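Protein chains in written order, with my numbering: chain H, 1 to 203; chain G, 204 to 330.
Rather than coming from a laboratory, the hints here were simulated on the basis of the structure.
Fair warning: this is a prediction, and the values are worked out from it, not measured in the lab.
Note that CB positions come from ideal geometry on N, CA and C, so glycine has one too.
A few of these clues could be false.
20 Å max Cα-Cα, derived EDC-like pairs, lysine to aspartate or glutamate [what the hints assert, rightly or not]:
#1 G/K260 x H/D86
#2 G/K298 x H/D86
#3 G/K260 x G/E227
#4 G/K298 x H/D113
#5 H/K104 x G/D325
#6 G/K298 x H/E174
Taking beta-carbon pairs under 7 Å as the criterion, some of the chain H residues facing chain G (in silico) [said to hold, decoys possible]:
#7 V13
#8 V15
#9 H84
#10 V87
Only some residues are given here: those of chain G computed to face chain H with a beta carbon under 8 Å [claimed, not checked]:
#11 K223
#12 L225
#13 V290
#14 V297
#15 D303
#16 Q306
#17 P308
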Amino acid sequence: MDEQTVFIIDDDVAVRDSIQELVESVGLCAQSYDSGQAFLDSFQPESSGCVVLDVRMAGMSGLLVQEKLNESGAGIPVIIITGHGDVPMAVRALQAGAVDFIQKPYRDQLLLDSINNALTVDAAFKRSHTRDKNLDQHIAALTKREKQVLDKLLGGGTSKQIARDLGISPRTVEAHRQNLLHKLEVGSVRELILHRFVRDRGE
Amino acid sequence: MERPVVFVVSADAEVSDSIKDLVESTDLPAETFISLQAFLDAFMPGHRGCLVLDVHKHDLADTEWHASFTAACALLPGLLITDRGDVPTAVHAVKAGAIDVVQKPYRDQNLLDSIRNALQLDAVAHG
């Protein structure tokens, strides 16, 4: 998986530098931006890591950046920091999907804990996303017959039933089943069904 | 179907009674409990409504409170009442599952609006 980056967005250079220093001091990779627009212009949606975002900035507000990130479908976790936050703003930001909302001044360890938590969340999300993408690619690469057998297996068919439906022998069905499981890199049809179930529920 | 009930939890009887009066003045039924655990013990599956919970900083440090709170939020939409400006508590609460946070001192109408919103969420989820 790609190395994770902590993307720091704050129009106050002192704050930006201090967070960058903090992040790098624990061996993490950081990238800073002085505006939401600068960040959004260069951000790749598939990037791994997390975003640390100040709410009140002269240009685009942090909450608007968060909104635009959501719209782009990027799954990257967002931590909001602010010197001016209040309860309604915090509630709104969290309901909009922020993983944390931290008021300044904050203890460095608090921000680090929040960042580490966000990176863990992102890693899990990206892993599952990669698995899905790989699976889709593998399925596209199956032969026509293998896809037919797969569809029937997902529908719960037995080798005997599938053989009858497709007009081939049960042994041939078995051979196809072994091949396609091998190509899809799953151990069993049940594993595949479970995987799909989890993915569909997340949509 | 049973009418939805506003379940009010506060360690301070004055607080829960005053919220109960407010809710009942709008012709909604309300029940009060001295603690989250008391609410959970009394709750019957199938009851609909929402939870209004008066929370203090020290509650958040209590892991038992947390477990009760998570259990409660799984049953009904929960809204929390916190001290003004207590952002960390509010953040903690929303992350733990609260659907809204109301600050003290609150305007009665604000609390009622939040309660109405919570009841609507519950009705939609279980309608």
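Against the structure, the hints come out as follows:
Between G/K260 and H/D86, the direct Cα distance comes to roughly 16 Å. Compliance with the 20 Å bound is thereby established for this hinted pair. In summary, the hint linking G/K298 to H/D86 is supported, as the alpha carbons are separated by about 16 Å, within the 20 Å threshold. For a cut-off of 20 Å, the pair hint linking G/K260 to G/E227 is broken: about 28 Å separates their Cα positions. Simply put, G/K298 and H/D113 have alpha-carbon atoms about 15 Å apart, close enough for the 20 Å limit, and the pair holds.
Pair hint H/K104 plus G/D325 does not hold up; C-alpha atoms about 35 Å apart against a cutoff of 20 Å. Distance hint between G/K298 and H/E174 is unfulfilled; the C-alpha atoms sit about 48 Å from each other, more than 20 Å. The closest approach between the C-beta of H/V13 and any C-beta of chain G is roughly 25 Å, which is over the 7 Å cut-off, so the hint fails. Proximity of H/V15 to chain G is violated relative to the hint, the smallest CB-CB distance being about 18 Å (cut-off 7 Å).
With its C-beta approaching chain G no nearer than about 11 Å, H/H84 sits outside the 7 Å limit, and its interface hint is violated. Given the 7 Å rule on beta carbons, the hint for H/V87 holds: about 5 Å separates it from the nearest Cβ of chain G. For G/K223, the interface hint is violated, since its Cβ never comes within 8 Å of a Cβ in chain H; the closest pair sits about 24 Å apart. Taking 8 Å as the C-beta contact cut-off toward chain H, the hint placing G/L225 at the interface is violated, the least distance being around 20 Å.
Hint status for G/V290 relative to chain H: holds, with the closest Cβ pair at about 5 Å, below 8 Å. Hint status for G/V297 relative to chain H: holds, with the closest Cβ pair at about 4 Å, below 8 Å. Because the beta carbon of G/D303 sits about 7 Å from the nearest beta carbon in chain H, less than 8 Å, this interface hint is met. A distance limit of 8 Å between C-beta atoms decides the matter here; for G/Q306 the minimum to chain H is near 5 Å, and the interface restraint holds.
A cut of 8 Å between beta carbons decides the hint on G/P308: the least distance to chain H is about 13 Å, and the hint is violated.
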